[in-house]
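Number of protein chains: 2
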Amino acid sequence: MEKIQELQEIFLKEGLRYTKQRETIWQEINSSTEHRDAEDIYFTLKTRGVATSRATVYRTIEVLVRNNLVRALNIGDGRYRYENKLDQTHHDHLVCTECGKIIEFLNENVEQQQEQVARDHGFTLVRHIHQLFGVCEECQKN
Amino acid sequence: MEKIQELQEIFLKEGLRYTKQRETIWQEINSSTEHRDAEDIYFTLKTRGVATSRATVYRTIEVLVRNNLVRALNIGDGRYRYENKLDQTHHDHLVCTECGKIIEFLNENVEQQQEQVARDHGFTLVRHIHQLFGVCEECQKN
DNA sequence: GTGAGTGCAAAGTGTTTGCACGAGG
DNA sequence: CCTCGTGCAAACACTTTGCACTCAC
Chain A
1 MEKIQELQEI FLKEGLRYTK QRETIWQEIN SSTEHRDAED IYFTLKTRGV
51 ATSRATVYRT IEVLVRNNLV RALNIGDGRY RYENKLDQTH HDHLVCTECG
101 KIIEFLNENV EQQQEQVARD HGFTLVRHIH QLFGVCEECQ KN
Chain B
1 MEKIQELQEI FLKEGLRYTK QRETIWQEIN SSTEHRDAED IYFTLKTRGV
51 ATSRATVYRT IEVLVRNNLV RALNIGDGRY RYENKLDQTH HDHLVCTECG
101 KIIEFLNENV EQQQEQVARD HGFTLVRHIH QLFGVCEECQ KN
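Residue numbers (the working numbering), protein chains in the order written: chain A, 1 to 142; chain B, 1 to 142.
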């Protein structure tokens, strides 16, 4: 897995130590397209036999987010979800309020309009949150 | 202030009692264009001489939100801000990451695109969060 | 070896809840 | 008067922090 090497290089470059916990937490977030929360990651690590603590999970994620390896997602239910960011293109989220399913989307038109809105108000845009909440096809049937 | 009457009518219609606390909390949120948090409201009520508790603030806001009198805003920093909703048209927010200033905006184009994205994925759109984070003109100078 | 990283438990922060009291209808 | 709303404090959920230990470099 050459991505692991990329991860090691980034850590090296930032003067960060390369530990089993950091590697595994990153792998865990990177292993699927799911949007997992800290508790989820903590328990998965446990079952994978990697000794860890919640503190380490949170601290590691902070490092990963700061280094653009992971993206934190706040869908307004009181806890963060995390998703892989390395090699990922920008996108926003469509969330099903019934089953919690999260779909990623990208709309160039919206991206441009956002820049325009910021310009109109003299702002320099840094980032944005754009989340659509609705009911997915399957849940509409029930 | 005929708005207070409107408030009373809504409470009556919903079978809710009209209490000093509910009136004052609503007035507080309604009194300015600011986007205040619960703690802020709690302290303002205290200085205005209205006996209250945090519990009442949260419970009252919940009632107000449910009855569309107030809108809750999650800007991702761990606490909600509240804004008046009565008579307000829909809008989204542009937040200055330096000074915390919040500007409201509405972009019809974006609104339409959102509907389109939802349709494309078979979702029925219920609500959305759209927040732009950047640095405002004044803060850019510093 | 030595300092960055870790694990633990305790502390924080914002919000919610159980319960007895108080006041609106 | 009887019930809904309130105040208080304790409980909650998620996250952060202090400190001694440990392991990557």
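The hints are simulated quantities; they were obtained by calculation from the structure and are not laboratory data.
One thing to keep in mind: the hints can contain errors.
Unchecked claim - Derived list of chain B stretches under chain A, where covered just means 3 residues or more per stretch with a C-beta under 8 Å from a C-beta of chain A:
# : segment
1 : 28-36
2 : 41-53
As the list claims (entries may be wrong) - A few chain B positions that, by computed beta-carbon distances, are all more than 12 Å from chain A:
# : residue
3 : Ile4
4 : Gln5
5 : Phe11
6 : Thr56
7 : Leu73
8 : Asp77
Even glycine gets a Cβ: it sits at the ideal position worked out from N, Cα and C.
Results for each hint:
no., hint, result
1, 28-36, "violated (count 0)"
2, 41-53, "violated (count 0)"
3, Ile4, "holds, 30 Å"
4, Gln5, "holds, 33 Å"
5, Phe11, "holds, 27 Å"
6, Thr56, "holds, 21 Å"
7, Leu73, "violated, 10 Å"
8, Asp77, "violated, 9 Å"
In terms of the numbered hints stated before, the structure departs from hints 1, 2, 7 and 8, listed from lowest to highest.
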